[in-house]
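All chains, full assembly: derive it from the sequences and hints.
Protein chains: 2
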Amino acid sequence: MENLILLKLGGSLITDKTKPFTTRPDVIKRLAGEIYEARQEKEKLKLIIGHGGGSFPHKPAKDYRTDLGVIDKESFKGIAAVQDAAANLNRIVVDSLIEAGENAISFNPSSSVIAEESIIKHWYLEPMKMMLRYNLLPVVYGDVVIDVRRGCSIISTEEILNFLSRDLDSKRIILVGITDGVFDKDPNKYPDAKLIPEINPKNYLQVREYLGGSAGIDITGGMLHKVDQMFVLTKFGIESEIINGEKEGFLKRALLGERGLGTVIKA
Amino acid sequence: MENLILLKLGGSLITDKTKPFTTRPDVIKRLAGEIYEARQEKEKLKLIIGHGGGSFPHKPAKDYRTDLGVIDKESFKGIAAVQDAAANLNRIVVDSLIEAGENAISFNPSSSVIAEESIIKHWYLEPMKMMLRYNLLPVVYGDVVIDVRRGCSIISTEEILNFLSRDLDSKRIILVGITDGVFDKDPNKYPDAKLIPEINPKNYLQVREYLGGSAGIDITGGMLHKVDQMFVLTKFGIESEIINGEKEGFLKRALLGERGLGTVIKA
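Chains as they are written, first to last, in my numbering: chain H, 2 to 268; chain F, 2 to 268.
For the record, the hints were derived by calculation from the structure and aren't laboratory data. Hints are supplied without guarantee of correctness; some may be wrong.
Intra- or inter-copy, both count: the list cannot distinguish identical chains.
[Unchecked claim] Okay, derived cross-link-like pairs now, BS3-like style, lysine-lysine, Cα gap no bigger than 30 Å in a straight line: (1) Lys30 with Lys20; (2) Lys30 with Lys63; (3) Lys60 with Lys78; (4) Lys74 with Lys30.
What follows is the structure, given as structure tokens:
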């Protein structure tokens, strides 16, 4: 689909990860406003938003080890608790987007996804495709879903965007988090850490080494996962960029087409 | 599926229809408790809950005439507003069920249904079927969905139960509302109104006349629709019963197998 951008709002950005079930309402409101403004200025911009769960599903997912699948009788309680927590955060995000002026629509992955080892095997996307044609704004999120091998599994927002970008033929993904992008060292520890403006087939392995090493900057618990997931997509001609959502206006500028605000991952 | 009961919690029962976006928390809590108790006592009781929208989606649906489909540019705002309102009520219902001890799971019809003239044409049900096998408790609700003819339409909880009962082979539906059942006259106007204990092929047409006539009791705005929808199902061997959820313990007793608490509709 032409002009379709997939946008991830990171869990660390929209929730307070130090307090369970706590959002960052001002940040969500500002981001919703930037999205609305960008879509007003560039009318043909089609968008799907995926958001992380942050401090919402984190606790029940950890308590019940939902990532391991159905491991005992308590796992069923875990499925309900994780789905509930993730859906409750989704409502807050969708409500904010509607308040900002967007015609945002919730899509619960648990209602229509079947996974295998945390990889999406089937997703009934007809309703979402038709809503996109109406220029409605689908909002999905990392969720607990039925898994044909493990019973249940958690699918990450990156996995969701990965699947959607290929299925809906989107060429651009924007990941908005709480860091400026990918650094060559942990910028919190090393004042001389440098932002890597572009990850491509030439420097990918070297960057992976930085991220996996002891000086790695995996502070959000998933930078390596993110880079790996997005690098795979470069083979399909999909470009992604990791930018800092704490910086006012960055999301809007990226949506309007600007590149170079963070780290671009492309072939 | 053996022992599968479909249960409708009426919008008038779980919300205050006189005030927009207002639930009846005590009623929801009591009903959730009755459901949990019944499922504890009768372990093999499989259940799907569908709930009405009551005072939640009512206002936006009326403002934007969402029942007519996509009629102008404002209709898209309506789709978002109706979906949001219905999903927000659903979260409250699911949260209450989880609090009562149930492993309740939201299923958003808008995420996985395609309709034609308000009739469900396609619904991807694999995730729900697998969750039922785990004895999780799916919770669906009347929602705005993509409609191949009208653009969008509203599907009623009765239409949802109608589809599910045939697709999942359930033989019993319980509709819980704010009246004792179907009366031969409006019980609020006529003190001699009599409850009709059973509607069957012999008295169906006569009952329809009562309901459609000027002394009809269509006070919940849908008794005729309900009876019609449920009567069609008698041809598939499906029995339904309309009972009063205001009466403590009625829902639990019905779930445990008791008949005769309200009006039964059967062949």
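Hints and how they fare:
For the identical chains of this complex, Lys30 and Lys20 are neighbours both inside a copy (19 Å) and across copies (27 Å), given an alpha-carbon limit of 30 Å. In the homo-oligomer, the alpha carbons of Lys30 and Lys63 lie at most 30 Å apart both inside one protomer (28 Å) and across protomers (28 Å), since each shortest distance falls under that limit. Taking identical chains as interchangeable, the C-alpha atoms of Lys60 and Lys78 lie at most 30 Å apart only when both belong to the same chain, with a minimum of 13 Å there against 35 Å between chains. For a Cα distance limit of 30 Å, the shortest separation of Lys74 from Lys30 across copies, 25 Å, qualifies, whereas the shortest one inside one copy, 39 Å, does not.
When each numbered hint is compared with the structure, no violation occurs for any of them.
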